[in-house]
Every structure is written in C-alpha cells, then in structure tokens.
Amino acid sequence: MNISRRQILVLLPAAAIAWKSVLAGTPEDSPNYKMSEHWWGMLIDIPKCIGCGNCVRACQTENDVPNGLFRTWVERYHVTDEDMISPQVISPDGGKEGFPVVAEDAGKYFFVPKLCNHCADSPCTQVCPVGATFVSPDGVVLVDQSYCLGCAYCVQACPYGCRYIHPEKKVADKCTLCYHRITKGLTTACCESCPTGARQLVDLKNPADPIHEFLKTHSVQVLKPQMATGAKAYYNGLDGSVR
Amino acid sequence: MSVFKDAGHLFRFAGLFVLAFLVFWAVRGFVVPKTFGQYGHYRAAALGDIAAHPAKYAGHETCEACHSDILDVKKNGKHAHVNCEACHGALANHAADPASVTPVKPDTAVLCARCHTASAAKPKGFPQVNPEEHSSGVPCQTCHNPHSPAMDANAGGAK
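Just so you know, the protein sequences line up as chains P and A, in that order. This note's numbering applies: residue 1000 is where the first sequence begins, and numbers increase by one. This note's numbering applies: residue 65 is where the second sequence begins, and numbers increase by one.
Accuracy of the hints is not assured; some may be wrong.
Straight line, CA to CA, 20 angstroms or less: simulated EDC-like cross-link-like pairs of lysine to aspartate or glutamate [said to hold, decoys possible]:
hint, chain 1, residue 1, chain 2, residue 2
1, A, LYS188, P, ASP1063
2, P, LYS1169, A, ASP113
3, A, LYS120, A, ASP161
4, A, LYS142, A, GLU128
Derived by calculation from the structure, the hints in this document are not laboratory data. Every value quoted in this text rests on a predicted model; they were computed, and no experiment measured them.
The following block holds chain A by itself, in its conformation from the complex:
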C-alpha cells in the first residue's frame, strides 16, 4: 500500500491523459465521415454519390422497346451494330417522357460524312467515300436508308 501513498498526482495526470484521449476520439467521431474505411482508405458512401449521377444516354435496349419497327429494318443491315444513340444522340429524356421531348432528326450531310468521309487514316475495310464526288450535294438518305444503308438488299453494301 505504501507504494501508492504519495502517488495521487500520478493518477490525476493519468486521468488527464485518458480524458484527452476520449476528447480526441469524440472529435474524430464527428470529423471522420461515417463510411470512411468501410472498403478502404476512402468514404464508401462516395460510391453511391457517384452512381447517383443521372444517365443521359438511354441505351439501345430502351429505344428498341418502343421502336421495334426500326430494329427490324436495322438488324439485317450494315448498321445492325450501330446503336441508336450513336447517331441520334443522348435521348434518355425522350425515353422518360416520349410525348413532350421529341428528338430532332440528324442532318445526314454532317452525320454520314463524319464516319464515311474517305481518309487514309481510317481502316481499309471501312466503307469510305468522298462526299462531293459521291453525291454532289444530294442528301445521303435520297438513296440510302440510314437504318439499312445498302442500296440493294442482296448486296453486301456499298464499299
């Protein structure tokens, strides 16, 4: 017992340490976000925040649910694997409200040329034309159906 006889000042000092630790722990509890460290050294709730960003491209399955007539034309053509929004642009708002949001028809003079203007940099097997020589200003859709561009259904498509 005599060991602790004059040790009161040490206990008070130890108490101060314990108190400081508890204050630190309490402050830390408020400052560090709740989900920090759940998966790693970051805030796990950030995953949910990032996943909550609204999508602007609806995805071709959404388009095809209503526009099955276009899908029937497209699926056997050369553009079978070109998704709807590759040409028509982001249309999630149209899919959400088809009545009030109506998409604008793309201008084929810009749209077709963007992919099909001949350039030595493009892959050799890809169908390419010089737009001026090819049609001299006649709109592409005069001859080609953009959803199935080959002019003869039996041919493999214009090279």
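Bound-form chain P, shown alone:
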C-alpha cells in the first residue's frame, strides 16, 4: 500500500487529535464529593463578631497568604449619630491582631468581617481574558493559577476588593472558600477558628442546612446588592453604613 505525501499530511494531524482525546481524562475529585450537590456560601453574623482576628490569622496560616495581603479581613466601623452615612472604618493589619480598645463613646461601633462573596454572577470572572478564573459548578469563585496571566483585570473588577496579585507567583490570588477543605467534608479555616460562630459555611443546596431557616427568620443582606453580583456572603444585622 502506497501512502502519498498528501495522505500523510492529512493522517498525521488526525491521529494526533485522536491521541489527545485518548489522553484526556476527568479531573481528580475527592471520593464521595459531588459538585452538583453543593452550592456554597457563607453567613456572617455581625452581632456575634468580637473582632478577635482569629479568622484572619487562620486564613493566612491555612492558605499561605503573604503578609500584608488578605483573603479575609475584619473592619471596625464607627458610626456617629450626627453622620450616619460616612462611617469611620479601620482595619489595622486586616484586624489580624485585634483592634485598639475603645471606651464608651458617642455613636456605635461594630465589626464587619469581609471575604470573597463568591458571587454567582461574579464581575471578576467575566473580565478574565483567558478563562483563568471561574465560578465552579459548586458555586466557588476560583483562580487557575497555572493559567492566569497576572493582568489584574479581575483585581480591578471585584467590587469588594477581595483579590490581589500574589507578590511571588505574579498571578491573581483570592479566597478559595477553602476548597481543599470543603470538598473533604471540613469547614473553612476561618469558620473552624471563629470562637463565636460569627462565620458559618453554608450549603444552599443542602435542604438540612440551618441557613434556610435562618434566612427566613432574620434580616439578612448582601454587600452592594445594587450591583447584582449574586453575592453569597450573607450578612445578618448589616448596618446601612457598611460599604
């Protein structure tokens, strides 16, 4: 059988394509974990937060977050009676070592833990030019760091300031909602170390999750609802002055 040069030129690429599809496998999943059965979010119970900074420290330890950058941080708001719409906000070192003591003073004080809102319609994933960041089938906004170019469009696009460029890897980095933990049946590092239960991992697809009852019976808000991001960080008792 004679094979002409043209036939070889046609057959070789075809064979290559066939071989690639043979090599292609499915991604490694944890056994017993089905992405389609979960839709993750977080509940932040502001009246329970004491500003201890446990979550910030736990996150930095668990996820090797560089010093001075934060996947989660705690802000302290001070709202005076005379000026309800312009609060004074501090977050010394992300609230990692707690906050300076305040005496009884005019106005109110409260703590607001912040983290990625794991938006269902996230602005950050929509601007990625290469498909390096995405909403996973179980509702977690993740970054494929081997694919990211480090252009920082997503850092600009996030309305909540939850992304940064990793100073050594030079790629976008953010809260993964401890994806390596929640896929193994653990809770996130921040929730694990919160002493008051002010942060709770919630699974909106789990009918037994107490979040459903909580959302029915409490005044719960998300940050910047006017931006229609589909944020899944639910804040209980959120003050109107919080930005």
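Following the hints, position chain A against chain P.
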C-alpha cells in the same frame, strides 16, 4: 463534466484550505489544556489542583477523636462551641504525627485577652473584662479552666 474541466487550480486551493484547517486543529489540540471547556470556559482540572492544597487545620472532630477527656470538660462549659484550633492554632501536622509534633500551650495572657478585653466595639452580651483590673497580672488559668471557664459550675459563667 465540462464544468470541472479547467477547475484543477480551484481544487488545489481548496486542498490548501483543508490542510490549513487541519494544521490549526492539530496545534489547537496541543495548546488547549485537555480539560478546558469540560464545565465552562476554564480548565476543569484546576478544581483538582486547588483541592489538592494541604489542610493545616485538622478540624475539631479530628482533635476530639483522641482528646475525648477535654471534650467532656468542654461540652458543658461556656466554651463548648469554641473549636480546639481557635485557641491552639493549626494542628493538622500534630494530628498526622502526634508523637513527634507536640503543640505549644498557648499563653493565656495573650490568648484570653484577645477575645475578652473590654471594648465598646464588642457585642454587649459578650463577657468582657479589663485584664489589669480583673486579675492584676495573675494568669487567667489560675482561676479559670480555659476549657470550661465558669468558676462555679452552677453559675452561668463570669460576665
């Protein structure tokens, strides 16, 4: 038949197009990651890469499997819902190798004060003290068991 009589140059040109398309398809096969597009416009294998990150917090269920004596003290106290690693720090490496990795006992002067130092910013119902006035330097665990801090078992705990 006469339509194709002088059309040889068109077939050659069409062949060139087909070839170029196949080359493009072959190159694309090598350049685009295998699992790209499986769930959406991203590399599906990235999920596995991210999930492979090692956990440093073992989780309280792991601690309680061995330290059931502490759990018995803790479960009826005011700190029942404070997880082990909230105070003791990340200890997955201790859980993996309890013999060679021994955790350091936290310094109560720092640890207790971090949560319980009085501040107007903290929720009103949360137990708060001014550490200097409260104990004048006496370590917290002299009077309180950190695992069940109420001094009288029948009382609801120091406010």
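Here is how each hint holds up against the structure:
1. With a C-alpha separation of about 34 angstroms, the suggested pair LYS188/A and ASP1063/P falls outside the 20 angstroms cut-off, and the hint is violated.
2. The straight-line distance between the Cα atoms of LYS1169/P and ASP113/A is roughly 18 angstroms, inside the 20 angstroms bound, and the hint therefore holds.
3. The suggested pairing of LYS120/A with ASP161/A holds, with an alpha-carbon distance near 13 angstroms, which does not exceed 20 angstroms.
4. Note on LYS142/A and GLU128/A: the hinted pairing holds, with a Cα-Cα distance of about 17 angstroms set against a maximum of 20 angstroms.
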